[in-house]
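Based on the sequences and whatever the hints tell you, model everything.
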Amino acid sequence: DAGVTQSPTHLIKTRGQQVTLRCSPKSGHDTVSWYQQALGQGPQFIFQYYEEEERQRGNFPDRFSGHQFPNYSSELNVNALLLGDSALYLCASSTTWDTLYEQYFGPGTRLTVT
Amino acid sequence: SQQGEEDPQALSIQEGENATMNCSYKTSINNLQWYRQNSGRGLVHLILIRSNEREKHSGRLRVTLDTSKKSSSLLITASRAADTASYFCATDAGGEGSNFGNEKLTFGTGTRLTIIP
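Going line by line, the protein sequences match chains A and B. Counting in this note's numbering, the final residue of the first sequence is number 114, and the numbers go up one at a time with none missing. Counting in this note's numbering, the final residue of the second sequence is number 231, and the numbers go up one at a time with none missing.
It should be emphasised that the hints constitute simulated quantities derived from the structure, not laboratory data. These numbers were taken from a predicted model, which means no experiment stands behind them. Using N, Cα and C, we set each Cβ at its ideal position, and we do this for glycine too. Do not take every clue at face value.
[Unchecked claim] Listed next, the stretches of chain B that the computed footprint assigns to chain A, with coverage defined by at least 3 CB atoms under 8 Å from CB atoms of chain A:
no.: 1; stretch: 153–167
no.: 2; stretch: 221–231
[Stated by the list, open to error] Partial list, derived from the structure: chain A residues whose beta carbon lies under 10 Å from chain B:
no.: 3; residue: 33
no.: 4; residue: 39
no.: 5; residue: 42
no.: 6; residue: 56
no.: 7; residue: 102
no.: 8; residue: 104
no.: 9; residue: 108
Now the structure itself:
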């Protein structure tokens with residue numbers, strides 16, 4: 001049973017460019033959350049997708065957008081990249097039916113903006 | 115913004131000793147979870163404690179929760195070199211009336227634990 005997978009592992013982009021990160025949730029999970037983790041900090045919540053709609057959103061600008069597909073996989077898009085967007089982007093999956101409230105994290109995508 | 119803070123920010127102990135990390139948070143919570151992260155990679159879920167629980171055990175881990183002080187502690191007993199990692203507490207503030215589990219998690223700043231062989 002595959003866990004949460006993310007692609008790519010590493011990415012280098014230039015300021016002003018756009019980037020798309022991908023996440024496949026753990027089998028049986030229907031909810032995907034995205035987090036940004038700057039170096040030396042704890043992860044910060046970006047948004048959560050359920051039933052192909054954005055359900056919750058953290059304090060991130062509109063440059064950050066996402067999508068969830070019918071197979072529950074998800075994409076995170078960031079437009080007009082800034083140097084400050086350099087971070088580890090983590091995807092977490094969960095299921096609405098899990099009263100244990102556990103969220104399973106993927107290995108992350110390391111984004112470097114130059 | 116971060117929900118809370120872990121204390122200490124960094125901790126180095128000898129293998130075999132116990133490690134204690136503390137976490138403080140600011141708002142009411144549904145549950146509090148502890149995660150481990152190795153070398154800036156993905157987070158591994160360690161243990162969850164609900165707001166109506168005071169103490170929970172899992173293997174070498176012991177977690178306490180004091181909602182009146184808005185604080186939690188994680189104790190790792192008989193530490194091993196493989197326990198070297200960063201540890202984060204995360205709060206799920208689903209709140210009263212929330213019937214949708216797995217709300218957004220709000221993480222603290224982390225404790226970097228080093229176990230010296």
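Item to complete: Compare the structure with the hints numbered earlier in the document and write down the numbers of the violated ones, lowest to highest.
Response: Nothing - there is no hint that the structure violates, so all of them hold.
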